[in-house]
Amino acid sequence: GAVVSQHPSRVICKSGTSVKIECRSLDFQATTMFWYRQFPKQSLMLMATSNEGSKATYEQGVEKDKFLINHASLTLSTLTVTSAHPEDSSFYICSARDRYGSSFLNTEAFFGQGTRLTVV
Amino acid sequence: KNEVEQSPQNLTAQEGEFITINCSYSVGISALHWLQQHPGGGIVSLFMLSSGKKKHGRLIATINIQEKHSSLHITASHPRDSAVYICAATPNTDKLIFGTGTRLQVFP
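The listed protein sequences correspond, in order, to chains F and E. If you count by my numbering, then the first sequence holds residues 1 to 120, one letter each, in order. If you count by my numbering, then the second sequence holds residues 1001 to 1108, one letter each, in order.
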């Protein structure tokens, strides 16, 4: 199956600093990637949909200035947590779907390995 | 009420047991996904199905579109099957709607 690579897998940073998380599709072109956040023992929460070459679409309640998303190429999307605070500590995971025609409706979802962010 | 509901939330089993995890959804869907999340957090796509039944090794997934219900079965369970199993629905949009997950522990 297709592979989505996410780095880093773990990061610890100081409060006030910024952290960049990369998500790469290794063997297919991901015109759209999805960024999720997951709190312990909870389900995945969609943060934003990242579209190659255009601005990301953020879900309600997600601060676009705090979680900067860049999708500059068909294989790379990045999420930057700016001015991180301890409450941003969480598990972040990206997903890409191999677009079939013009729709994702019947395509598999491939996930990165996730990034566990700890802000101290 | 969640649009995608799973049961049970937690499941323990002895090695070798047959396991069933259920997923019910209330939205119209084009496909349903079964995902496996390991303790480290990584997620693997197990199945995507829109009708009938699929089998991969010891895993079987079924879906009944009329009843809006899907099941994931694990035959001859093994401790390495211990993980969180998540069903996710694709309604007629690009987004996935996730169930709350079923935490499975298989003991030797």
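Read the hints as simulated data drawn from the structure, not as lab findings. One or more hints might be untrue.
As the list claims (entries may be wrong) - Quick list of in silico lysine-lysine cross-link-like pairs, DSS-like style, CA-CA up to 27 Å:
id, chain 1, residue 1, chain 2, residue 2
1, F, K66, E, K1053
2, F, K55, E, K1054
3, E, K1054, E, K1095
4, F, K20, F, K64
5, F, K55, F, K66
6, F, K20, E, K1053
7, E, K1095, E, K1055
8, E, K1068, E, K1054
9, F, K14, F, K64
10, F, K20, F, K41
11, F, K14, F, K66
12, E, K1053, E, K1068
13, E, K1095, E, K1053
14, F, K14, F, K41
15, E, K1095, F, K64
16, F, K66, F, K20
17, E, K1068, F, K41
18, E, K1095, F, K41
Unchecked claim - Far from chain F, some chain E residues (derived; all Cβ distances over 10 Å):
id, residue
19, V1027
20, I1065
21, R1103
22, Q1105
The C-beta atom is built at its ideal place from N, Cα and C for all residues, glycine as well.
Here is how each hint holds up against the structure:
1. F:K66 - E:K1053: violated (43 Å)
2. F:K55 - E:K1054: Between F:K55 and E:K1054 the Cα gap is close to 37 Å, so the pair fails against 27 Å, i.e. violated.
3. E:K1054 - E:K1095: holds (23 Å)
4. F:K20 - F:K64: holds (14 Å)
5. F:K55 - F:K66: holds (15 Å)
6. F:K20 - E:K1053: violated (40 Å)
7. E:K1095 - E:K1055: Holds, at about 25 Å.
8. E:K1068 - E:K1054: holds (17 Å)
9. F:K14 - F:K64: Answer holds: F:K14 to F:K64 is near 21 Å, not above 27 Å.
10. F:K20 - F:K41: Since the Cα atoms of F:K20 and F:K41 sit roughly 24 Å apart, the hinted pair holds (cutoff 27 Å).
11. F:K14 - F:K66: Holds: F:K14 and F:K66 sit about 16 Å apart, inside 27 Å.
12. E:K1053 - E:K1068: Answer holds: E:K1053 to E:K1068 is near 14 Å, not above 27 Å.
13. E:K1095 - E:K1053: This hinted pair holds, its Cα atoms lying about 23 Å apart.
14. F:K14 - F:K41: Roughly 25 Å separates the two Cα atoms, so the pair holds.
15. E:K1095 - F:K64: Given pair E:K1095, F:K64 holds - Cα atoms ~19 Å apart, limit 27 Å.
16. F:K66 - F:K20: Given pair F:K66, F:K20 holds - Cα atoms ~12 Å apart, limit 27 Å.
17. E:K1068 - F:K41: holds (25 Å)
18. E:K1095 - F:K41: holds (21 Å)
19. V1027: holds (13 Å)
20. I1065: Consistent with the label, E:I1065 stays out of reach of chain F, its closest Cβ about 13 Å off (over 10 Å).
21. R1103: It is violated; E:R1103 is separated from chain F by about 8 Å at its closest Cβ, not greater than 10 Å.
22. Q1105: holds (14 Å)
Of the hints listed earlier, those the structure fails to meet are numbers 1, 2, 6 and 21, in rising order.
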